[in-house]
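**Student:** Our numbering puts the first residue of the sequence shown at 175, with every later residue one more than the last.
Derived by calculation from the structure, the hints in this document are not laboratory data. Keep in mind that this is a model prediction, so the values were computed, not measured. Take these hints with a grain of salt, some might be off.
Said to hold, decoys possible - Derived SDA-like pairs (lysine to any residue); straight-line CA-CA distance at most 20 angstroms: (1) Lys-415 with Asn-466; (2) Lys-415 with Lys-494; (3) Lys-345 with Lys-432; (4) Lys-385 with Gln-373; (5) Lys-494 with Asn-402; (6) Lys-385 with Thr-356; (7) Lys-316 with Gly-423; (8) Lys-278 with Leu-528; (9) Lys-432 with Arg-467; (10) Lys-539 with Thr-589; (11) Lys-224 with Glu-239; (12) Lys-224 with Arg-467; (13) Lys-539 with Leu-590; (14) Lys-432 with Ile-243; (15) Lys-415 with Pro-238; (16) Lys-345 with Asn-402; (17) Lys-278 with Ala-218; (18) Lys-432 with Ser-261; (19) Lys-316 with Gln-283; (20) Lys-494 with Tyr-480; (21) Lys-340 with Pro-279; (22) Lys-224 with Thr-589; (23) Lys-539 with Ser-495; (24) Lys-316 with Ala-377; (25) Lys-385 with Pro-409; (26) Lys-415 with Glu-459; (27) Lys-432 with Thr-356; (28) Lys-494 with Leu-522; (29) Lys-494 with Glu-459; (30) Lys-345 with Asn-357; (31) Lys-345 with Pro-333.
Unchecked claim - Beta-carbon label-pair distances, calculated as ranges: (32) Asp-331 with Ala-218: 35 to 41 angstroms; (33) Leu-226 with Arg-403: 37 to 43 angstroms; (34) Asp-366 with Arg-403: 36 to 42 angstroms; (35) Asp-366 with Gly-465: 47 to 53 angstroms; (36) Val-412 with Glu-547: 18 to 24 angstroms.
Glycine residues also receive a C-beta, built at the ideal position from the N, C-alpha and C atoms.
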Amino acid sequence: MIAAEKGAIPAFRTLLSCFVTLWLAGGVAWSSSVFGQVTLDKSAVRIQLKNLEEITASEVWITPEGVSIRRSEPNPETNRVVNWPWSEVVRVEQTRVDLEHEPKPLPRQEIWLTSGDRLAASARTIVDDQLNIGWVEQNERKATPIPLETVAVVVFDAPLNLFARKTLREKIARIETGSSQTNDTALLNNQDELTGEFQTLDASQIHFLRKGERVSAPRFRIAAVAINRELLVFPRPVPRKWRVTTTDGSFFTATEFKVVDVAGDKNRQADPASENGKNAGPRIEFLLLTGNRLTIPQSDLATIEYGTPEVRWLDDLPLKSREHLPWLATTLPASLPLEPEIVTGPLLGLVETLAITAPWTLSAKPRSLVTWELPAGRHTLIGRATLSGATTHSAAAIGRIRHNDGTLWESPSLTLDHPAATFQVEINNRATGRLSLEAVAGPVGNQGAEIQWSEVVLIAH
Numbered sequence: 175m176i177a178a179e180k181g182a183i184p185a186f187r188t189l190l191s192c193f194v195t196l197w198l199a200g201g202v203a204w205s206s207s208v209f210g211q212v213t214l215d216k217s218a219v220r221i222q223l224k225n226l227e228e229i230t231a232s233e234v235w236i237t238p239e240g241v242s243i244r245r246s247e248p249n250p251e252t253n254r255v256v257n258w259p260w261s262e263v264v265r266v267e268q269t270r271v272d273l274e275h276e277p278k279p280l281p282r283q284e285i286w287l288t289s290g291d292r293l294a295a296s297a298r299t300i301v302d303d304q305l306n307i308g309w310v311e312q313n314e315r316k317a318t319p320i321p322l323e324t325v326a327v328v329v330f331d332a333p334l335n336l337f338a339r340k341t342l343r344e345k346i347a348r349i350e351t352g353s354s355q356t357n358d359t360a361l362l363n364n365q366d367e368l369t370g371e372f373q374t375l376d377a378s379q380i381h382f383l384r385k386g387e388r389v390s391a392p393r394f395r396i397a398a399v400a401i402n403r404e405l406l407v408f409p410r411p412v413p414r415k416w417r418v419t420t421t422d423g424s425f426f427t428a429t430e431f432k433v434v435d436v437a438g439d440k441n442r443q444a445d446p447a448s449e450n451g452k453n454a455g456p457r458i459e460f461l462l463l464t465g466n467r468l469t470i471p472q473s474d475l476a477t478i479e480y481g482t483p484e485v486r487w488l489d490d491l492p493l494k495s496r497e498h499l500p501w502l503a504t505t506l507p508a509s510l511p512l513e514p515e516i517v518t519g520p521l522l523g524l525v526e527t528l529a530i531t532a533p534w535t536l537s538a539k540p541r542s543l544v545t546w547e548l549p550a551g552r553h554t555l556i557g558r559a560t561l562s563g564a565t566t567h568s569a570a571a572i573g574r575i576r577h578n579d580g581t582l583w584e585s586p587s588l589t590l591d592h593p594a595a596t597f598q599v600e601i602n603n604r605a606t607g608r609l610s611l612e613a614v615a616g617p618v619g620n621q622g623a624e625i626q627w628s629e630v631v632l633i634a635h
């Protein structure tokens, strides 16, 4: 069955600031952000519930137990608080109308963890095989040392140009998926590579052990260091977790969190007007999948999603196959034999383009087909398909959702003029079946364009 297009959930366009508040006493749910004072007529928190209902509110509380809002009534005296446990919540997000078309942040320094998370932070020092990270201007943030065995990549200088940025990520992916990686690899800004054992770093130098000799290189000459994957530890899947994005471009997965105020006293009331509205109020301490703890101001939160066995993301589903068939002109014989290329490497990742900046996204070059095992039962699949990389108005691609051998949903032709489509598809699976996402080129080919499948959630009923 296919849900009507008009029933599709509105696209969540801007991930900017979601505010966690335990200290409200009838006031505004957020009174400050990293952008300064926020007014209610330019901000709203959107809550996507498991029953597919969408709530927009101005007063929102988030605790480890659930989400609460103050529902406004015509008579203010009858206003009431409505609560939902996390088991009923899919996503919480704040959008700001005045910043809706602002570009997303592009961090220059990043820490990539083996969990797939990215922290927009700088690598400070290595002590006892643990990486200490920090932030230049965000004094309210802190993190416990990260074991090196859970650090996949350290980015020291990522380009701000999107093409150069993508090139760097492709080089890192090539190193990570290469069968010959037996050392740590440093990517230099002049395109050279340096292999060896990444041992220590200080304020100005990075130190390697190479063929028994110590080699040092200035930080400013290093773009990134990819750690030998044979030495890494990858976290095990957990049944319940939160996925979080922040206003600086970080995204991470946490197994638990708690709220503390600026002074670290959970019982102390925070002053939202302090420091001219910057970095005020409680801080949130998250326990990441890699075991270390990350503390950030509540005003830096952008989105929080909650995953359970009933609310699953694409990387929670058993992957059956991932294939790519290069596009060929329609004038070629349809019977031309083609051997599908089996694509390896991480399935979901970060996408940074002019059209979309989103983590946990599946990039699909037409023609591609990715298939997962779908458990029996009734499900709803929601998400968004976005065209990126198109440089001409004739470039086009179409996204399809397939169940077993049938097509459940097909997007309109995605072009520069109409680059995105949201979907809400009902699936009644009587037995274990197959769920596939397909990207198909338009009549004259995709011309370098790709389809980005983002914010995809499978909800069991």
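**Student:** Next step is simple, just say for each hint if it's right about the structure.
**Tutor:** Outcome of the hint check:
1. Lys-415 with Asn-466: Within the cut-off at roughly 15 angstroms; holds.
2. Lys-415 with Lys-494: 23 angstroms, violated
3. Lys-345 with Lys-432: 37 angstroms, violated
4. Lys-385 with Gln-373: Distance of about 13 angstroms is within 20 angstroms: holds.
5. Lys-494 with Asn-402: 27 angstroms, violated
6. Lys-385 with Thr-356: Holds - the C-alpha atoms of Thr-356 and Lys-385 are around 13 angstroms apart, at most 20 angstroms.
7. Lys-316 with Gly-423: Roughly 16 angstroms separates the two Cα atoms, so the pair holds.
8. Lys-278 with Leu-528: 10 angstroms, holds
9. Lys-432 with Arg-467: 11 angstroms, holds
10. Lys-539 with Thr-589: 14 angstroms, holds
11. Lys-224 with Glu-239: At roughly 16 angstroms apart (the allowed maximum being 20 angstroms), Glu-239 and Lys-224 satisfy the hint.
12. Lys-224 with Arg-467: Answer violated: Lys-224 to Arg-467 is near 28 angstroms, above 20 angstroms.
13. Lys-539 with Leu-590: 16 angstroms, holds
14. Lys-432 with Ile-243: 19 angstroms, holds
15. Lys-415 with Pro-238: 11 angstroms, holds
16. Lys-345 with Asn-402: At roughly 14 angstroms apart (the allowed maximum being 20 angstroms), Asn-402 and Lys-345 satisfy the hint.
17. Lys-278 with Ala-218: Holds. Lys-278 to Ala-218 sits at ~18 angstroms (cutoff 20 angstroms).
18. Lys-432 with Ser-261: 17 angstroms, holds
19. Lys-316 with Gln-283: 16 angstroms, holds
20. Lys-494 with Tyr-480: This hinted pair is violated, its Cα atoms lying about 25 angstroms apart.
21. Lys-340 with Pro-279: 15 angstroms, holds
22. Lys-224 with Thr-589: 31 angstroms, violated
23. Lys-539 with Ser-495: Holds - the C-alpha atoms of Ser-495 and Lys-539 are around 15 angstroms apart, at most 20 angstroms.
24. Lys-316 with Ala-377: Roughly 18 angstroms separates the two Cα atoms, so the pair holds.
25. Lys-385 with Pro-409: 31 angstroms, violated
26. Lys-415 with Glu-459: 14 angstroms, holds
27. Lys-432 with Thr-356: Not satisfied, since the Cα-Cα distance of roughly 39 angstroms exceeds 20 angstroms.
28. Lys-494 with Leu-522: OK: Lys-494 and Leu-522 at ~15 angstroms, within 20 angstroms.
29. Lys-494 with Glu-459: Violated, at about 36 angstroms.
30. Lys-345 with Asn-357: Distance of about 15 angstroms is within 20 angstroms: holds.
31. Lys-345 with Pro-333: Holds, at about 13 angstroms.
32. Asp-331 with Ala-218: 35 to 41 angstroms: Given a distance of about 37 angstroms, which is inside 35 to 41 angstroms, the answer is holds.
33. Leu-226 with Arg-403: 37 to 43 angstroms: 40 angstroms, holds
34. Asp-366 with Arg-403: 36 to 42 angstroms: 21 angstroms, violated
35. Asp-366 with Gly-465: 47 to 53 angstroms: 34 angstroms, violated
36. Val-412 with Glu-547: 18 to 24 angstroms: 19 angstroms, holds
Going down the numbered hints, you'll see the structure goes against 2, 3, 5, 12, 20, 22, 25, 27, 29, 34, 35, while the others check out.
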